[in-house]
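Taken in sequence, the protein lines are chains A and B. Residues 2 to 427 (our numbering) make up the first sequence, in order. Residues 2 to 427 (our numbering) make up the second sequence, in order.
If you are wondering where the hints come from, they were derived from the structure by calculation, not from laboratory data. Please note that a few of the clues may not be correct.
Each pair may be met inside one copy or between any two copies, as identical chains are not told apart.
Straight-line C-alpha distance at most 16 Å; calculated EDC-like pairs for lysine to aspartate or glutamate [said to hold, decoys possible]:
| id | residue 1 | residue 2 |
| --- | --- | --- |
| 1 | Lys400 | Glu82 |
| 2 | Lys337 | Glu147 |
| 3 | Lys392 | Asp105 |
| 4 | Lys272 | Glu216 |
| 5 | Lys280 | Asp243 |
| 6 | Lys49 | Asp256 |
| 7 | Lys337 | Glu64 |
| 8 | Lys37 | Glu408 |
| 9 | Lys59 | Asp312 |
| 10 | Lys49 | Asp34 |
| 11 | Lys400 | Asp73 |
| 12 | Lys37 | Glu391 |
| 13 | Lys337 | Glu279 |
| 14 | Lys49 | Glu92 |
| 15 | Lys400 | Glu147 |
| 16 | Lys337 | Asp243 |
| 17 | Lys59 | Glu22 |
| 18 | Lys3 | Asp105 |
| 19 | Lys49 | Asp156 |
| 20 | Lys59 | Glu71 |
| 21 | Lys272 | Asp57 |
| 22 | Lys272 | Glu82 |
| 23 | Lys400 | Asp243 |
| 24 | Lys400 | Asp297 |
| 25 | Lys272 | Asp224 |
Number of protein chains: 2
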Amino acid sequence: MKIQQLTPELSLKRQLETGNEQQLATVRTIIADVQKNGDAAVAAYTEKFDGVALSDFKVSAQEMAQAFAEVDVQIIADLTEAAQNIRLYHEEQQRQGFQLPLADGSFLAQRILPLQAVGLYVPGGSAAYPSSVLMNVIPAQVAGVERIVIATPCDATGKLPAAVLAAAQILGITEIYKMGGAQAIAAMAYGTQTIAAVDKITGPGNIYVALAKREVFGVVAIDMIAGPSEIAMIADDTAFADEVAADLLSQAEHDAMACAVLITTSETLAKNVQIEIEKQLVTLPRQAIARRSIEDFGVIYIAQSIADAVDAINQLAPEHLEIVTENAQVVSEQIKNAGAIFIGRYSSEPIGDYFAGTNHVLPTNSTARFASSLNVDDFLKKTSIIYYTEKTWQDHAPKIARLARLEGLEGHARAVESRAWRKETI
Amino acid sequence: MKIQQLTPELSLKRQLETGNEQQLATVRTIIADVQKNGDAAVAAYTEKFDGVALSDFKVSAQEMAQAFAEVDVQIIADLTEAAQNIRLYHEEQQRQGFQLPLADGSFLAQRILPLQAVGLYVPGGSAAYPSSVLMNVIPAQVAGVERIVIATPCDATGKLPAAVLAAAQILGITEIYKMGGAQAIAAMAYGTQTIAAVDKITGPGNIYVALAKREVFGVVAIDMIAGPSEIAMIADDTAFADEVAADLLSQAEHDAMACAVLITTSETLAKNVQIEIEKQLVTLPRQAIARRSIEDFGVIYIAQSIADAVDAINQLAPEHLEIVTENAQVVSEQIKNAGAIFIGRYSSEPIGDYFAGTNHVLPTNSTARFASSLNVDDFLKKTSIIYYTEKTWQDHAPKIARLARLEGLEGHARAVESRAWRKETI
């Protein structure tokens, strides 16, 4: 991991995979096919890509029970406790609308309602991601979404990972479909004979899933298209090099495109972290991935001061930020741009990935300047309400008509004035 | 305007203009050019498209003062009062983060901060849109955004509409650039030598502006890409046909692609509205546009009951909904999907466009199922904060490590366990 002096111009931006023309054409073909042929198209793509002919996409109650029984009781307990923590944090985000009384009995209001149906995509492949189930489902449940659907690809025998189904069972989710890729996104966006369409689709996926989400954006809402994971750390000479290195590697192991950056005021720490990274890499099961990430995107920056480090972080706007310094909490208060901040030595980043209660779906690639983690608001919508009485209308109609005419919209002015067209109403 | 029976399958969806390949190629060329050549590129495109060679894009204090003096004092008063109303409604949307204490001194928190810089695009052309200035700027100001920039194309003499500058002056906005089209969007997204980049771009525009906003999405945040205006009305035999017709036409005059729909339980009202539409169209200055909208997309539906009308509206999810029935407020409580609801005879839709205080930037094309009007949240971002003490870490580290290993992420498990690697810390 290279060491260099902190410079004023920093960026975490990487060239993100946006898919090539052929991938996009494939995705468009699949979406059009599912839109036209529904279940039959989903079945055909599932056979083609997942290698299994399914008579029914929906996971049965029996499969759910069986999966739950298969998972170690300790893991069930861990997932249950994590779910409770996540629910607690997200319940703090609950919101209510308001009513604003105006003169003469008129009022304005904002009504906040949950979306009616959302779909969560859970990636399949070599690993199982029960934490994705918790992080996407719980904010929707707290928002009050009535119908929550999960889509996830099965293996060639038609099975889904037991841990994913167990996580769903813990949350009380029963509408789970064995389908993946662009066909799953299309089925949830447009609906099929057996799968009713949803209003929003969230969750991570491969390039085909990401492209499909972009394509259906507007027909349904989508969450962000997340890029590779990022961790930035601010540390001084109170930090321990082995712990810093372990935390940097925890994000580097996600993806060869992941980005791990340390900004430190201590040259000694910098050198020791460099040594520790090499030492720890050797025994890491995902060494190849982590090594590419560290070599291509990992940097240890030496800063003149913590203030300089803070400035750099505000410019980087990293997904995850750990602060391991004296008075870490005071330092954290100066951070304006970061997805999630982990304060102090014991707040290792994976605590947020799995357990603490905050959401692990976070803005990447410097978008923390303007974007937030997945949260309850993502599953709510607001309706404006206007009630004018005759008196209020009468007091303001001339002003509204003038403003409409100023913009050349005579029809708007006449609409407001129309209430006076009939004698009895003046 | 045609009359037909209400059917269970309704949709407001129209084929929206998404731009052709040539328009997209033009937009991409302009964006790349502005990214590379900054001010020089913006100047060149302004000369090409707006027909004026500008030495300085920025509106001067003198121009601002002059514009303000040019606008009728009554209009200044109307805009000022509208701005106060809009501010009042949006101030009700202000939010605060929270801190959630955990055991042993640990805590989670959510910090809510304003975006730092936003850019508002105000369309130019034949008309001036001071109301767009109010509706986009005020939510950002209420959120606490420090830097608010306006971009708007000038005419061939380098002038901007006085009413637009006056509206900006009323709000205290001073950073206004004479630039339009894709070059304005690119300049705000990437920055130039004289224009610093922003974090989010909002505001309506033509197809080039819309395509450019889509292209820079991810580099900056954008608001929705709004489609043509929509109005739906539910009315019974207590409604007056001339008022209903006037309100339908107020949205139809916006755009030939606009959509005006009436759902009524009264056949008499349906027939009278049909007659009134024809009568009022004849004298409407924007008759040609309104007529095309009414002919292509306008429908009067006869419903068996108000309940059926409500079901239809929830399926349509219109941008604007007026309810002119007995007990209109009770009916409004059953509406789940609408951008804004106008209750009762005196709440004519243009009241919301200009004056009442709610936002006129609203979700179109059935996206009210999942989207909201522009609001204060659009200019805020949330950061998650995690602070674990040694004790809390110790209590939960084994669970977190188990969940990480369940997902095949050994590096995550080791990071959490690393705090125990050194004897003295156990």
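Inset, instruction - Give the relationship of Lys59 and Glu71 under a CA distance limit of 16 Å: within one copy only, between copies only, both, or neither. - result: So Lys59 and Glu71 fail the 16 Å test inside a copy (19 Å) and across (67 Å) alike.
Inset, instruction - State whether the alpha carbon distance between Lys400 and Asp297 is at most 16 Å within one copy, between copies, both, or neither. - result: Classified as neither: same-chain Cα gap 61 Å, cross-chain 32 Å, threshold 16 Å.
Inset, instruction - Pop the pair Lys400 and Asp243 into one bin, within, between, both or neither, using alpha-carbon distances up to 16 Å. - result: neither (68 Å within a copy, 21 Å between copies)
Legend entry - Same-copy or cross-copy closeness of Lys49 to Asp256 [CA-CA at most 16 Å]: Cα proximity of Lys49 and Asp256: none, with 27 Å in one copy and 46 Å across.
Inset, instruction - At 16 Å max between alpha carbons, let me know whether Lys337 reaches Glu279 within a copy, between copies, both or neither. - result: Intra 32 Å, inter 57 Å, cutoff 16 Å: neither.
Inset, instruction - Can you give me the call for Lys49 and Asp34, within, between, both or neither, at a CA distance of at most 16 Å? - result: For Lys49 and Asp34, the Cα distance is within 16 Å only inside one copy (14 Å; across copies 43 Å).
Legend entry - Intra- versus inter-copy proximity for Glu216 and Lys272 (alpha-carbon distance at most 16 Å): Cα proximity of Lys272 and Glu216: none, with 46 Å in one copy and 42 Å across.
Legend entry - Copy assignment of Lys337 with Glu64, given that the CA separation must stay at most 16 Å: neither (46 Å within a copy, 35 Å between copies)
Legend entry - Copy assignment of Lys272 with Asp57, given that the CA separation must stay at most 16 Å: neither (57 Å within a copy, 50 Å between copies)
Inset, instruction - Could you place Lys37 and Glu408 in one of the four classes (within, between, both, neither) given a Cα distance threshold of 16 Å? - result: neither (44 Å within a copy, 36 Å between copies)
Legend entry - Within, between, both or neither: Lys337, Glu147 at alpha-carbon 16 Å: between (35 Å within a copy, 13 Å between copies)
Inset, instruction - State whether the alpha carbon distance between Lys37 and Glu391 is at most 16 Å within one copy, between copies, both, or neither. - result: neither (50 Å within a copy, 57 Å between copies)
Of the hints listed earlier, those the structure fails to meet are numbers 4, 6, 7, 8, 9, 12, 13, 14, 15, 16, 17, 18, 20, 21, 22, 23, 24, 25, in rising order.
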